[in-house]
Each structure stands twice: as structure tokens, then as C-alpha cells.
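J.: Dock chain one against chain two, each of which comes alone in its own frame, and use the hints as you go.
Chains as they are written, first to last, in this note's numbering: chain A, 1 to 198; chain B, 1 to 95.
If you're looking for bench data, these hints aren't it; they were derived computationally from the structure.
Any given hint could turn out to be false.
[Said to hold, decoys possible] Quick list of in silico lysine-lysine cross-link-like pairs, DSSO-like style, CA-CA up to 30 Å:
hint, chain 1, residue 1, chain 2, residue 2
1, A, Lys106, A, Lys68
2, A, Lys51, A, Lys97
3, B, Lys69, A, Lys97
4, B, Lys69, A, Lys27
[Said to hold, decoys possible] To be clear about the criterion: a stretch of chain A counts as covered by chain B if any three or more of its residues have a C-beta under 8 Å from a C-beta of chain B, and this derived list gives those stretches:
hint, region
5, 8 to 22
6, 62 to 71
7, 101 to 110
8, 122 to 129
9, 169 to 182
Heads up, the beta-carbon is just placed ideally off N, CA and C, and yes, glycines get one too.
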Amino acid sequence: MDLEEAARQSGVIPPERIASLIAALRKVPDVSWLLTQPHPTIDRLQADLLKDFPVALVAPDGSPKCSKFVVLIVNNTCDLQPGRSNFVTVAPIMDFKAFAAAEVSKRGEEGARSYLRDVRSDRVLEMLWLPPFHHFEDGGLVLLDRLGTAASEVYARSLSDNSRVASFSQNGFYYFLMKMTTHLARAESSEVLRHGLN
Amino acid sequence: MTSLIQHIPMTFLMAYSAAGLKGDVSTGTTNAASLEFQSELATPTENFSYCAPDQDEARTSLAWIALGKELLPEGRPLLDWERQDADEFFWSQFA
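Looking at chain B on its own, in the form it has when it is part of the complex (with noise of 0.2 Å):
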């Protein structure tokens, strides 16, 4: 069966799920996800549950940046020698 909802952008149904909180559509949920599983009048997409949920991405981004500092202290980037044997090694491989 193909899915409805796949074409359905998240931040529409979030605006459509807000509006039902304000009561100014009925849908019988609240919620995203049920809102998308009333819409396919089948079974829910099964993408939906693995798409994270909303963050404050700018902390978030931040603090990851940090743990991976914190973790790889020494971390560099490729010396040009070290480039240039890597590329070589590379092409072998599509030889």
C-alpha cells in the first residue's frame, strides 16, 4: 500500500497536532503520531518512530563537539604524506 504520510512534511503535522491542542480542529488526537497513523487508515508508517524527537540542537550540537574532544584529545587531521599513501592505497582497491 503506498503510504500517504511520507509525503505529508513533519512540520505540517506538527502545526495540524498544535492546532488540535488550541481546539481549533477536531481530529481526536493530539498527537503526531497518532495523527499520522488516523491518516493512513491503516497501519503507521514504519519510519516514524525512528526520527528523533525535537532538541535544542545548537546545545546539543555543541555538547558533542565537546564529549569528542574530550574523548580524542589528540585528534588531527591527515599529514600530506599520509594522504597522498591513503589515496594511493585507495585506487587499489579499484583495481
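Looking at chain A on its own, in the form it has when it is part of the complex (with noise of 0.2 Å):
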């Protein structure tokens, strides 16, 4: 199946957009055409990025421990509307030079080259590399594995601070679904081998 006949069927994609989602697909790694200004009318979208937005882990100790990041939302936007889920799962995002520059601090030039060229071409499963926005001048990286939650009320809060610092184009949003399904909805290795058959 090619691109357009997959983008056909998918039944998600208005068969007008179809043409202009398979153009930006075309021009992959080449991924400027993901991101906008923050959309001017509608506050609550699926994948919008949020500066200041707290995420809390547990440690190996068991220990919790919290720290703010840009961070992705990650709920259909359905399920961000007021009144709808009392929580928001959110995936943070590291500052792509940072994560760089600790790579070849620790591998060096050469033997992090070939790493960090599939993390910025998108072809790591686990993660999204995104084009630079807000302080992220080489991009930023969403780590599609280390989601956290917070209760609804901090997402209100935060879009009242005006946390909201790019949304997601249109096209953007496809390839966004399409990465997070790549990541999920993966196969299974035929290694793995469960309990019964029903």
C-alpha cells in the first residue's frame, strides 16, 4: 500500500487534504512544516506544547520525583474538553543540543553520529524529534515512553498562564498520529509466544 492509498483508507484524512498531507510526507526528514504559533482560536488540541509543565516520575528507589518541561499533550482533544477527563497524560520533551551534546560527551563525534542522525530523522520508534521552537534551537525530542499524568486542574492552570508555546499544523498532527501509532500498535515478535490461543 503507498502513501496515498494508505492516507485514503485510513478514513482519518478528508480526502481534500490528502494532496497537501502526501506533499509534506514527501519532503520527510525535512519536518519545518510541523509545528505553528499556538492555534488562535481553539486552546485545547491534542499535541499542543506547553512550557512550565510539571512531570513526575518514580524513581528506582521509589521515590517520586517532579520537574517542569515543555511537554506534549498527548489526549485526543475530545477528551481535553472541559468537563471531560479529570486527568491529562503528557509526554516531556528534552532539549535535542543538550541530549546531543551528552551523547558525544559520552560516545564521542563519531560513535554518536549514526544515533543521533535516526533521532533527528524520526527513525527511533520511542521517540519524535520535533523542528526548533521556543528555546529549543535545535529541536526538541519527545520521549514517546516516559509519559506521566496530571490532574486536569494543572493543564487549566497552565493554559491560563498562557503555557502554550506552538500547536501542531495540520499535516504536523497526521504525522504525529502516525508516529505515536508506529510506536504503540508496533507487532509483536513472533518470539513472543502467550498463553492460550483464545
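T.: In C-alpha cells, the structure reads:
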């Protein structure tokens, strides 16, 4: 199935937007078209990027750790609307420049090159690279496998504080959905044999 | 104003609307969104129109996966050392 056929059969992309999406996708790994300024009229959108958002994790010793990040809102737009879900799920975003510097410092230029190129080209399933935005001069790195959850009031306050720093473009949003789907719904290895056949 | 409709399951609304289509109940409308408006007796909930319409979800999901594979055919999971480095960097952001 080629891109156009898959896009047509997806049921997600309106027919009149398919040509535009295909043209954008053919530019990959140039993904400069992914992001826009925060949407001017719709405040609550899936994949919006918010600054200074608290993310908590449980450390190996069992203690909670919390820090503020620029985050990507994972919830579907439907569930972000007032009065629906009481929680919001976010993915923290790293500064790719700092990430790359740490990698080079550990592995050397040569040792890190191939890995960083794969990350930058979105070949790594657990990561989504974003073009430069906010204070991320060399782009941002979304860690799709480190999601955090916060009360929806935190999200509401964040919106009140004008913390949105970017939204995804229409085609960018489709790209985001593809990355999420590929990450979460990729096939399990045939070496994994589960009990029970029903 | 507290929204009443948000506590009514979508399945109920659909069934209620479908019953209206068959003439079993009289609501003045056969449209779930309009029904919501009437139930609210004020403004419709802000969220209703942002929820996805019904689709053939199995077909849609498979085609969506196919689209992702076409787009990123060389996609791969993190190698062990890459994951270890990423973890280390990630934890450093909590210091």
C-alpha cells in the first residue's frame, strides 16, 4: 500500500487534504512544517506543546521525582475539553542540543553520529524529533515512552498562564498520529508466545 | 452551570436518538448533538463536536499503521546502549 492509498483508506484524513499531506510527507526528514504558533482560536488541542508543566516519575528507589518540562499533550482533543477527563497525559520534551551534546560527550563524535542521525530523522520508534521551537534551537525530542499524568486542573492553569508555546499544523498532527501509532501498535515479535490461543 | 450531558453515556444518546428515528420517542430531533442541546436547556457542551465520528475502526487502524510504515520504513526501537544513555540523560533533567 503506498502513502496515498494508505492515507485514503485511513478514514482519518479528509479526501481534500490528502494531496497536501502527501506533499508534506514526501519532504521527510525535513519536518519544518510540523509546528505552528499556538492555535489562535482553539485552546485545547491534542499534541499542543506547553512550557513549565510538571512531570512526575517514580525513581528506582521508589521516591517520586518531579520537574517542569516543555510537554506534549497526548490526550485526544475530545477528552481535553472542559468537564471530560479529570486527567491529562503528557510526554516530556528534551532539548535536542543538550541531548546530543551529552551523547557526543559520552560516545564521541563518531560513536554518536549514526544514533543522533537516526533520532533526528525520526527513525527511532520511541522518540519524536521536533523542529526548532520555543527555546529549543536545535529542536526538541519527545520521549514517547515516558508519559506522565497530571490533574486536569494543572492543565487548565497552564492554559490560563498562556503556557502554550506551539501547536501542530494540520499535516503535522497527522504525522504525530502516525508516529504514536507506529510506536504503540507496532507488531510484537513472533518469538513472543502467549499462553492460551483464545 | 453544571453540565448534565457529560454524565450521559454516548451509547445512551445514540440509542435515544436511534429510537427517535424509529418513532419510539418524540424528542423533536433525531440528531444526538441536537438532543444534547435540548437536554442542556442552555448551551451545548463545548466538547461534543470534538469527539470523533463513528468509523470502521479496525480498517482505519490497519490503514493508519500501514501509512506509518510507508512513511518511516526504517523505523527501529532503541538499542540497549541508546536506551541506557537516554535514561541517564532523562534522569539528569530531574536534578
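J.: Taking each numbered hint in turn, which are not upheld by the structure, reported in ascending numerical order?
T.: none
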